[in-house]
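Asks: Next come the chains, spelled out residue by residue.
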Amino acid sequence: MMGNGKKKKIGIFVCHCGVNIASVVDVERVAKELDGYTDVELSTDYVYMCSEPGQKMILEQIQERGLDGVIIAACSPTLHEKTFQNVAELAGLNPYMVEIANIREQNSWVHTDKEKATDKAVKIVKSMVEKLRGNEHLEPIKVGITRRAMVVGGGVAGLQAALDIADHGYEVVLVEKEPSIGGHMVQLSETFPTLDCSQCIMTPKMVEVSRHPNIKVLTYHEVESISGFVGNFKVRIKKKPKFVDEDLCKLCGDCADVCPQVVPDEFNMGLSFRKAIYLPFPQAIPGAYTLDIDSCLGLLPVRCGKCKDVCDARAIDYDMKEEIIEEEVGAVVLATGYDLYSMQALGEFGGERYEDVINGLEFERILSASGPTGGEVRRPSDGKIPKNIVFIQCCGSRDPELHNSYCSKICCMYTAKHAMLYKHRVHDGNATVFYIDVRAGGKAFDEFYQRTVDEDDVLYMRGKVSKVYKEGDILKVRGVDTLTGKLVEMEADMVVLAMSMVHADGSGELMKKLKVGTDKDGWLAEAHPKLRPVESLNAGFFLAGCAHGPKDIPDTVAQASAAAAKVGDLFARHELLHEPTIVPVIEELCSGCGICISMCPYGARSLDLTKHVVKVNEVLCEGCGACAAACPCGAAQQKNQTDEQIFSMVKAILKG
Amino acid sequence: MNIHYYPGCTLKEKTTNLDDSTREAMAVLGYELVEPANWTCCGAEYPLSEQKISGLTAPARILRQVHSEGGGQVVTTCAFCFNVLKRTNVDIKRNPLKNKQINAFLKDDIKIDPNTKTKTTGFPPYNGEVDVLHLLEFLRDEVGFHTIRAGLKRDLSGLKVAPYYGCRMLRPGGGIGIDSPDSPVIFEEFLESLGCRVVDFPFKQECCGSYLAVSRPAAATEASYQVLRSAIINGADAIALSCPLCYYNLDRRQDRIKDAHAGFSGFPVFFFTQLLAWALGVAEDVLGLDQHYYNPKSVLHNQPKTEVAQ
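Line by line, the protein sequences give chains A and B.
Using the working numbering, read the first sequence as starting at 1 and increasing by one per residue.
Using the working numbering, read the second sequence as starting at 1 and increasing by one per residue.
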């Protein structure tokens, strides 16, 4: 007999859920048929068990009858298991002695035959009685917390998250792979819909981050690997050598003046050039030069060494080496951002062939006062002011057959902004936008778009472009106007492609290292699309900004603050409570074959080399049961879901 | 060496110059082209509706015939035939439902014994065993462009040729077209192996107007004119192509183009096999250059002088 041979007193509470259950399942019969079943002390039904009176009834019955287990036959445990566990706890009963028999989602909602559905409900409840008879009292596993967070990515999402966490009073390690923090936002000219200067609102945040006593900024660093679990992560971070001592560099720029190596400037999207030793942009933080070893002639002073010779501050150190540093943190905010889809993938638009076909970020640099043209709209090939400019939206977006199926969300708005800013600077110019439809959902967004059309005379052409080609000096844009159904061909001096956004972790390498889930397009996956939008399914990881999907700046900042709040929520606890329904190892039965280790998606199981049995990290174990199903020896037994319990549940169902 | 070759109907009627030049050129390279027995029209157009299976039976029969004759591959030069045969073959290989439906049609075919004239049914199913190749692919992968280069007999180094792909050789992508639909190189590499100077022009993958020549002739005229114009302004002396319908629109209908565009005075259009045969030293009368509206003979003989390379 189950349950340590001791007779149990089990209470059964069958819920009507209004008519949700009661219209298909004869709930009274279910309660009646269970009355008198093994170990059942009480069996009753009620219209809404989750209501206050319903909960009160359960609480009173537990206390009056001294029940040592209850079964609620109602909806899925994902909805109210917690509710009823709390009731049990209030009544003085171990919450793991509460079981839910799902007779709604798995019964009344999918069946119509009342007779058969009721029979099935009886079986479901009986099987839960059998399970409950084998249950033990469990206590949540308690774990300590390192109250220190790591933020990966130093764009606006990462900066906002870092600032908020730091303001909560916790330490933050901010890791950025580029030489400066700032991300894409600091490259932008003006932001929609208010036309704020992007740098003007971004650089104060960058300064705040660099000055914040709780934030440690690690630029030119990359996360190598991460181990541990929520509250207790160990991170290995690769420090790439800058060959310049950040504290000594005085930003005089003498080194760059003498450097003979000229390469395209990433900050200006390759529209201008920088030296091998460079400052990414004037407001870069940390304010220090970086020697890009891939472009440098070589560190041997015999080869060049010019920069070191002229550095009065003696900040340049050719002997710097790549290092691995370790940090201990309790939570990780992933704010790794986005990249633009490659123009090469859309060969028909000539983005890689013609200098004057550029992407949106390149146009941002052209519009920017700090950009290669000082904010004058001049085309890359010959510096002429383009009198006819064509913008093409949805380049690589919303194209499930060939490119990305998703909408990149911000392109409608930034294209409207681009066209508007162009018209503000080239009054006699003509701007045309090819669009599929204009998605301007957002506060003051549609008004902004309407202004572009009405006040700035931008021509919006609904249609698709098939080809951009060059004839002489002129670009020709061929496409279709889908409102008239006619082919159109127009001449352009410059074409701006609103390239689709893609996640910045191109190969998905970083997320693989971090073991964080991504969706089919490579964006970070949230734990629940509606109710847990800033958490990863992997406990302790939080999402911010475009790493999670295309977003504009306000949404990014909001999500970053939300992620920071979630980190604060985690750090506010004294200790973490972990579900105790884990899968331990019965050492006498374990053969040490290791099959369960390969099955475990959480890395919770490893081989104890001295005992030659598997050991389990209880905190990492999420209780999924994959190991229990795979173990050939029956050594992996899930708490309150043992093989013995499962067999008696199956028997109860088959009995008739 | 014998290879299976599917000429298609047009090559037997309107464009014998394409068929003849192909055979002669391949003979020089050491290949004899063998046609599958009892071949029919391929259907010319791959069905526009997914559900229309009957249009796939004719090409499937041709491929089954090649397979039954022991052929592992079949070569075509007509871009339309290539497109229909290749797509049908890919359907049979990749789409289990279409495979089943096509073979359900094919299994009831009647076999007539040539000697006894007795009729039987029960062909074995065809499962896409034959590789469908465009002649350009065969030249690149089996013959090798370097072999062509080594066998050149005539000089084409003064001729600036614009390779015109049209639609059917390249689209759809994803393993059907012979090269990237957006940035193909195979035609260019072929022309380079002949010693020609290749002219890149933005209309090399644009449609020539195709069957609009029948339903909306003016639209086809305009589309063809745009292709020719683009080649001309990019400095080409001639266009090379592979599709009989492109040839019809770009060459045979040049009278209409002249009517529509006063400045247009005609432009030489070659089948790529004519250039191949010429370069390999095949006699000029075999090439069928007289069949063209604009006889391109003169550009072969009076190649513009090669400008000194800078």
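Derived by calculation from the structure, the hints in this document are not laboratory data.
Cβ atoms here follow ideal geometry from the backbone N, Cα and C, with glycine treated the same way.
One should not assume that every hint holds.
Only some residues are given here: those of chain B computed to face chain A with a beta carbon under 8 Å [unchecked claim]:
1. 179
2. 183
3. 202
4. 233
EDC-like cross-link-like pairs, simulated, lysine to aspartate or glutamate; straight-line CA separation at most 16 Å [to be verified]:
5. A:467 <-> B:182
6. A:120 <-> A:39
7. A:8 <-> A:136
8. A:470 <-> B:200
9. A:239 <-> A:327
10. A:486 <-> B:222
11. A:470 <-> A:328
12. A:216 <-> A:167
13. A:238 <-> A:328
Asks: Are any of the numbered hints broken by this structure? If so, which, sorted upward?
Replies: 1, 6 and 11
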